[in-house]
Every structure is written in structure tokens, then in C-alpha cells.
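Chemist: For this one, chain A is given, so just place chain B on it according to the hints.
Residue numbers (the working numbering), protein chains in the order written: chain A, 5 to 463; chain B, 5 to 463.
These are computed hints drawn from the structure, not numbers from a lab.
Be a bit skeptical, because a hint or two may be false.
Since the list gives no way to pick out one identical chain from another, each pair is judged satisfied if it fits inside one copy or across any two copies.
[What the hints assert, rightly or not] With a Cα cut of at most 20 Å, we get these calculated EDC-like pairs of lysine to aspartate or glutamate:
1. K139 / D109
2. K139 / E236
3. K28 / D223
4. K268 / E282
5. K175 / D80
6. K268 / E236
7. K361 / D17
8. K461 / E100
9. K41 / E230
10. K175 / E237
11. K41 / E233
12. K41 / D247
13. K68 / E236
14. K68 / D36
15. K425 / E236
16. K41 / E237
There are 2 protein chains.
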Amino acid sequence: MTELELDNPTTVDEHVSRLVEMLKTADAEAVDAYLDKLDSTVLTAVLSRFTAEQRQALFEQTDKVHGARYLHELPDVQTVSAVEKLPAQVAATLLEELPNSEQADIVGHLSSAKQESIYSEMPQENAEAVRELVKYADDEAGGLMVVRYVAVHQDSSVRDIIENLQTNAEKYSDFAVQYIYVVDSDGVLRGVLPLRSLVLASANSKARQLMIGSPLTVDVHAKLLELHEFFEEHRFVGVPVVDAEKRLLGVLRRGDLEEAISNKYAQDYLKTQGIVNEELRSMPLAVRSRRRLAWLSINIFLNLTAASVVAAYQETLAQVIALAVFLPIISDMSGCSGNQAVAVSMRELSLGLVGPKEVFRVWMKEVSVGLINGFCLGVFISLLATFWQGNAWLGMVVGIAMMVNTIIAVSIGGTLPLIMKRLNLDPALASGPILTTVTDMCGFFLVLGSATLILDKLV
Amino acid sequence: MTELELDNPTTVDEHVSRLVEMLKTADAEAVDAYLDKLDSTVLTAVLSRFTAEQRQALFEQTDKVHGARYLHELPDVQTVSAVEKLPAQVAATLLEELPNSEQADIVGHLSSAKQESIYSEMPQENAEAVRELVKYADDEAGGLMVVRYVAVHQDSSVRDIIENLQTNAEKYSDFAVQYIYVVDSDGVLRGVLPLRSLVLASANSKARQLMIGSPLTVDVHAKLLELHEFFEEHRFVGVPVVDAEKRLLGVLRRGDLEEAISNKYAQDYLKTQGIVNEELRSMPLAVRSRRRLAWLSINIFLNLTAASVVAAYQETLAQVIALAVFLPIISDMSGCSGNQAVAVSMRELSLGLVGPKEVFRVWMKEVSVGLINGFCLGVFISLLATFWQGNAWLGMVVGIAMMVNTIIAVSIGGTLPLIMKRLNLDPALASGPILTTVTDMCGFFLVLGSATLILDKLV
Chain A
5 MTELELDNPT
15 TVDEHVSRLV
25 EMLKTADAEA
35 VDAYLDKLDS
45 TVLTAVLSRF
55 TAEQRQALFE
65 QTDKVHGARY
75 LHELPDVQTV
85 SAVEKLPAQV
95 AATLLEELPN
105 SEQADIVGHL
115 SSAKQESIYS
125 EMPQENAEAV
135 RELVKYADDE
145 AGGLMVVRYV
155 AVHQDSSVRD
165 IIENLQTNAE
175 KYSDFAVQYI
185 YVVDSDGVLR
195 GVLPLRSLVL
205 ASANSKARQL
215 MIGSPLTVDV
225 HAKLLELHEF
235 FEEHRFVGVP
245 VVDAEKRLLG
255 VLRRGDLEEA
265 ISNKYAQDYL
275 KTQGIVNEEL
285 RSMPLAVRSR
295 RRLAWLSINI
305 FLNLTAASVV
315 AAYQETLAQV
325 IALAVFLPII
335 SDMSGCSGNQ
345 AVAVSMRELS
355 LGLVGPKEVF
365 RVWMKEVSVG
375 LINGFCLGVF
385 ISLLATFWQG
395 NAWLGMVVGI
405 AMMVNTIIAV
415 SIGGTLPLIM
425 KRLNLDPALA
435 SGPILTTVTD
445 MCGFFLVLGS
455 ATLILDKLV
Chain B
5 MTELELDNPT
15 TVDEHVSRLV
25 EMLKTADAEA
35 VDAYLDKLDS
45 TVLTAVLSRF
55 TAEQRQALFE
65 QTDKVHGARY
75 LHELPDVQTV
85 SAVEKLPAQV
95 AATLLEELPN
105 SEQADIVGHL
115 SSAKQESIYS
125 EMPQENAEAV
135 RELVKYADDE
145 AGGLMVVRYV
155 AVHQDSSVRD
165 IIENLQTNAE
175 KYSDFAVQYI
185 YVVDSDGVLR
195 GVLPLRSLVL
205 ASANSKARQL
215 MIGSPLTVDV
225 HAKLLELHEF
235 FEEHRFVGVP
245 VVDAEKRLLG
255 VLRRGDLEEA
265 ISNKYAQDYL
275 KTQGIVNEEL
285 RSMPLAVRSR
295 RRLAWLSINI
305 FLNLTAASVV
315 AAYQETLAQV
325 IALAVFLPII
335 SDMSGCSGNQ
345 AVAVSMRELS
355 LGLVGPKEVF
365 RVWMKEVSVG
375 LINGFCLGVF
385 ISLLATFWQG
395 NAWLGMVVGI
405 AMMVNTIIAV
415 SIGGTLPLIM
425 KRLNLDPALA
435 SGPILTTVTD
445 MCGFFLVLGS
455 ATLILDKLV
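In isolation and in its complexed conformation, chain A is listed as follows (with noise of 0.2 Å):
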């Protein structure tokens, strides 16, 4: 393989088919010196497109260096699927290359039988931490936390501590090191101490008397919100977490939390969409229109729910055809104005602005202002119809019923996320659906309800 043949590859996809070809001749020098020469962007985007096969190919040839390098790269869906069809051996040897904390991140996604069979090939130190860690969710503390950090017991003098900075120089290269953390017999955090004291302080003196005590903490169980708010609160990069008894378990860094709120604000907006698990387009067609056609499914009945409404009523609607045309319009109205006052709840529930059970003074806010948009889109709707058809019944009836379900939308919409998120439901994933549903069905009723009581007038 020489410089030459690479020849300014251009596209993902040209990567990817020159290095295909590379897997079959099974030379997994070059494959890793083609993709040591990528940018990290193009690097996950290429590793991202292979088939799963292929990515087994890739693992099971690659050194464990870089092979762990290629684990951190995947995209985080990709990454468990990727380890989850590995030998336990083989994963086990890349995990191993990555911090312990990043280790139960993925073997925690992992199925309960893989998850075993890759803690009895790991040393069984390692194996233990990674398996105390998996135990927090993913949006606590605990999940976030790193246990790459400098501990000292509080008797230490500078002395000891700087030569414990020396002989382990290499081995803290990569940690955060910005303090060091005190702690008793016991475990129990006393204490931080800043590297900066350390450097103006003498050789003598102790731990205990140059740390800053009582530090901040979090609880180990602590959730997103409540870290967010710690962190605006305070500028520090990284705060100790502890469990009740104070004792500590690790850090937290400022990046590693304010990343996983990015994703779960990521994963939120897909799920109102009906991405309910993240889906690339490189993954096998069969799991891309599996999990599509599941949210599609319920989607359907829902809608031939509402629709039996339209099918209750179809001698009116076969009498005043016009009609017709305003249903789809009045549907639709109000699933945007329901789906905006679900997103204004949506967020002002991860901003913490407003609790669960707020549900009456939402309901107000959003009353007022469906209201005021109901009336100006119900005025619009109801001249138009009125003028088109020359029938000011019709605009009566379509502009009642706009009006009307407009308020009705941003009321479900408002609330919805509250109540779900009081019943302990995901109120991204469900809100969208429930609230078209019912919203449809209203609106259907109130306009060729409304209808069939005037029916003279209409004809």
C-alpha cells in the first residue's frame, strides 16, 4: 500500500469501497494506516457505513489500539451493536483501552448474557469497577461520572503527593487533573485541593491543611436538570460526586453533562418524529423500516380512529361536499398550534421554568393565547368559506369549529407534556400521537356535528 494508491479519495462512500476491498485481503496494516490518515469526521462517517460484517472484519484484524480508537469514533448506537457481536475476547481486549467510565457506558447497552461473558474475560479489577458503574442510569450522576481522578488521604504531606504526581505522570496524562481530592479512611471526600495551592505550598505540609473543606458535591443519583443548575451556578469545570455517606465515587465534568443533555435533547426531537430508536441510514433496511412501520402502525389506527368520526357523518358531508375541503384544513391547524404549545412545554420543563404539577396555570397561558389565534384563524377561515361558497352558515360552521379546536389543541398540547411527565411517560414520545388523535376527532365533530344540526341552512 503506498501513498499513490489513495489518490485523493473524494467521497465517504469511495472510502468505504476502497477499504471493503482492503478487509478481504485482510491487511490490517494498511487498513489502519488509510484510516489513520482520515479526519476524525470522515473517519466516524466511513466507520459508520459498514456493514456489520465488515465492522466485525475490521475489529477482529485491528490492533487493540486501534480497534478502541474505532469503538470511540462509531457513532454511540453503533458502537454497542458493534461490541454486542464481537467475541467476548476480543471485546474485552478493546474496552479495556478505553476509561472505565466510557467501558459501562457501552457494556451497560449490551444484552445480560454478553455483558457476562465480557466481565470473565476482563481482569477482574476492572471487570468489578465497570461493573459497579453499569448500575447508574444514564441520566444520573453516576451514569456521567468519571473515575479517572486524583484521590489523597488527608494525612498526605505535599511531599507524598508530588511524588505520587511524578511516578504516576504518565498513567494521569490523560485524567483531568485540575484538583486533587482529599479523603479520610473511610473514603469520604473531606476536602479539594487546588494544583495551584499545591505549588505554593511547602513540602511539609499536610493535605488536611491546605484543602478548600467542606466542597461542593453532587449526589451520585443526582438528575440532568439538577446538574445543569449546579453547574450554571458555579464555574467549575468538574464537581466530586458522592453517595449519601459523602463518600466519593467520582467526577463529574462539566462537558460530559452538558453532552449528554445535548443527546437527550437530540433523541427527544427524533422521538416526536417517530425516530423512537436512533436510526442511521447505514444500518440494515430491515431494522430502518421494522422500526419505522412500528410507529407508523399506531399511527394509522389512531387516525382511522379519528377518522371513523368523518365516516359517522358521511350523509352530511355527502350534502354539503364543501365540507370536505375543510377538514383536512382544520386538522392540520390544529396540530401545529397543539404541537407548538407541546414544544413551548417541552422545553420549559428541561429549563426547569415550570413544575409537573403546573398543569392549571399552563392550562391559563395557553387558553389566552388559543383564544386570540383561534379567533384570528377562525375569522380568516370562516369569510373564505363564507365568500367561496357564498354561504355565511358554512362560514359559521367551519370558523366555530377552528376557533373552538384551536383552543382544545393548545390545551391537550400545553398540558399533555405535564401530565405525562407526572405519570412517569416519556412526553416526547407519546404527546404528538395522542394529541392529533384527539384534536382530529374534535375537530372532525365539531364541524360536521355542527353541520348536521343546520343541515337547511347548509344546503
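Modeler: Chain B only, in chain A's frame:
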């Protein structure tokens, strides 16, 4: 104001009404004492619910330290409007309590008249620094970097540096000092000096001898995705930001970058649902209603365009009224399918897994999903229509329309975000409405057009 008077208020609204009373008596200290007792989360919620006038009264009464804290705790979208309403002199005093980068975030979003009047009230040095920072966009390294870092000349000795740290201990205390940046006389970054190595060095060594040379940097104009990839590849807490001449301009911390990304995701989700400017329910009703209505107005016109297809085929519809039941179903299901494709494209774009030019690749990937899912949905709805009305021709009309329209919807949904990205339009904002309008028109046309062709089989 005694402790007793607080008697355990429970809801945010109760805090607000107490504080509003207190603000009337203009007892600033009592207000600050009350707010000091609140949790940071509750404080943010309380501040966000004041009216603009109440907030202004608070800022004008309080001292600058408290005022700066309230500014910092307010949701971003309210900070800007709060500062806009303050007298320039009060605003300048409060802003100066915040880090320069945070000042720039706020000032950069003010009206230009307000910006100038605030600059004129600031000490010149601070005004210059903020003016520089305001130039950078919110989504590039320059707009996210902090300018609080410790830089030393490459010829400084360890003794000088330690003296510098001692002298400025207080100033540096809320800096994230982990590295000291080493520059030459032109301000060009020459190396970084881990605090750790300072601990171990002799007093006479020079920075240039101890520093790690050729440090990794990011360009001041680097964008979010590129920056995210940088931190994915390198486990740093921060990276120096430089201009084209490699002069050190600031430090980008991973936490700040990830927070910006998470904000972008949150804003993108709000935009897809028609909340174009972030809305909090504590904003004035007129603003909330007007902004939402702007979006709804665009949508109602798009809806009318789509409904005009139904209007054009009223005669067909009048003869086969059962079709009216299926129109909203086909419209809604196509919207669902198309929005799934939009969501996957948005996600792949933001992860850098697909380039904006790969329209054809995405289209092919979507067509294959569309064929399968369109077939399944089409067969289902076709059987349903056939048995319900006892007419296989009707089943064929709605089935084929569902199938074809699903393929159209995923094709448009998948490619539209890429095309908009290439045209420098915001894919989050416009993809949804364009998709819905086109798929509605196509869906209505497919059902009613084909029904018209075989009308004699349907009646």
C-alpha cells in the same frame, strides 16, 4: 423582614407574588435576602415569571453583585430583553460583574443603539474587549471561547510564573486554570504548560523549556460540528483558540461547546414545531400570540393550497363520499413518514454522518424504506377500504395512493434538509411545512385524480 415571614412558601407563583409586594415597598435588601434563600432552580423560575416592569424594578433597586447573579440566572432569552430595558449605566455596571464572554453573549443580541450606549458607560478596556468578542458568531469558536486564561511569555521563569499565580490568586480563582498558555512577543501561542509540570520544576527553568510545544489549537472561526469532533478525538477539557496567525485569542472549554450544541438542538426542535423565537409562558400574551400566529398564518396558506386540490375534485368526492374518510388518513400518514425521514436527515447532518451533497445516496436509502413501508400501509388501507365499502376498486385507489405518497413523502423528507443546508436555509424551520404541503397535494391528487379516472367503477 424576618425569617418567620417566609413561612415555607411552596409554589413559584407564591414566591413571585410575595416578591412583587416587597418590590413595591422598594426594600431592595429584603428582596435580595429573600432571593438568596431560594434554590437556583426556583430562583430561575421566579425571575422568569416577573413582568418586564417588575424585573426592571428589581434590577434598578438591587446592588450590582446580586443584579449580575440575577442576570446570569435568568433564561437567556429574557436576559437580553431585560438588559435592553435597563438604563445604559445600570446595564453596564451589572454586565461588568460577568465574564467578558458572557457580556458579549448578551450585548451582541441588543439593539445597536443600546450596544453603543452601554459601551460608552463601560471602562474603555472592557468595552474594547467586549466589542472584539461580539464580532464572532454564536456558533463558532470565537463566540463560545472564554477570555479568562493565564498566558505567560515563553521566556518567563518558573519563579516569575509562580509569583504571577500568587499575586493574581484572587483574580484567577474562578478561572479554569489547568494549563498555562505560553506565547511569544507577538502573542503567538508557542506551547502549553500543565500546572502539574510547574509543581515538579526548578525555579529557574524557563517556560519554553517546560512547555509542551506545538499544542493543538482550534481556529477562531471553527464551527460546532468541527469543534465537537475535536473534543471527541482529544479528551481535553479546553483548547486554545487562535486566529489565522496562530495568535492566542481565548480558550474554548468543552462544557461551553457542548452547552451550545445542546442549545442548538433545543432550538431546532422548537423551530420544527413553529416556535421560531424561544417562548416562555411568562412572556406577555401579545408577544406569544403574535409569534405563534405568524407561523400559523404561513401554514394556513400552505394548507389552503393543498385543500384547493380537494376543491378541484369536489364532484368526484360528492359521488364517492367514502373517499373523504381516507383523505385525512393519507395526508396524516404521509406527514408521519416524511417527518421520520426529515428527523433522520437532520440527525445525520448534525452528527456529520452525511454530507449536504449526498442527496442521491439519501434518496436511494429512503426510496427503499418507502417501498416497503408504503407497500405495507397501502395493502392495509386497501383491504380496509375494500371490505368496508365492498368495492375493490376503491381499495385500489386508496391503497395505491398511500403507497406512492409514502414514497414521495420519504423522498422529500429525506432530501429536503440536505438541499436546504446547501442553500444556506434553516432545515429545522422550513422542512416540515414544505413537506406537509407537497405531500398533502400529491396525496389528495393521487386519490381524487385516480378516482375520477375510474369513477364508473366506484359509484
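Chemist: Determine for every hint whether it applies to the structure shown.
Modeler: Hint by hint, here is what the structure shows:
1. Taking the closest pair of Cα atoms, K139 and D109 come within 20 Å of each other only inside a single copy of the chain (10 Å); across copies the shortest separation is 39 Å, beyond that limit.
2. For a Cα distance limit of 20 Å, the shortest separation of K139 from E236 qualifies neither inside one copy, at 27 Å, nor across copies, at 25 Å.
3. Proximity of K28 and D223 under a CA criterion of 20 Å is satisfied in neither setting, with 50 Å inside one chain copy and 39 Å between copies.
4. In this homomeric assembly, K268 and E282 come within 20 Å of each other (Cα to Cα) both inside a single copy, at 12 Å, and across copies, at 18 Å.
5. Taking the shortest Cα distances, K175 and D80 never come within 20 Å of each other, neither inside one copy (26 Å) nor across copies (40 Å).
6. For a Cα distance limit of 20 Å, the shortest separation of K268 from E236 qualifies both inside one copy, at 18 Å, and across copies, at 17 Å.
7. In the homo-oligomer, the alpha carbons of K361 and D17 lie at most 20 Å apart only across protomers (12 Å), although the nearest pairing inside one protomer, at 51 Å, exceeds that limit.
8. Taking identical chains as interchangeable, the C-alpha atoms of K461 and E100 are never at most 20 Å apart, the minima being 78 Å within one chain and 69 Å between chains.
9. In this homomeric assembly, K41 and E230 come within 20 Å of each other (Cα to Cα) only across copies, at 17 Å, whereas the closest approach inside a single copy is 42 Å.
10. In this assembly of identical chains, K175 and E237 lie within 20 Å of each other by CA distance solely across copies; the values are 18 Å between and 32 Å within a copy.
11. Taking identical chains as interchangeable, the C-alpha atoms of K41 and E233 lie at most 20 Å apart only when they sit on different chains, with a minimum of 15 Å there against 41 Å within one chain.
12. For a Cα distance limit of 20 Å, the shortest separation of K41 from D247 qualifies neither inside one copy, at 44 Å, nor across copies, at 25 Å.
13. For the homomeric pair K68 and E236, the shortest alpha-carbon distance between copies (19 Å) is at most 20 Å, but the shortest distance inside one copy (39 Å) is not.
14. Within a single copy, K68 and D36 get their C-alpha atoms as close as 11 Å, which meets the 20 Å cut-off; across copies the closest is 57 Å, which misses it.
15. Proximity of K425 to E236 under the C-alpha cut-off of 20 Å is found in neither arrangement, the shortest distances being 24 Å within a copy and 32 Å between copies.
16. In this assembly of identical chains, K41 and E237 lie within 20 Å of each other by CA distance solely across copies; the values are 14 Å between and 42 Å within a copy.
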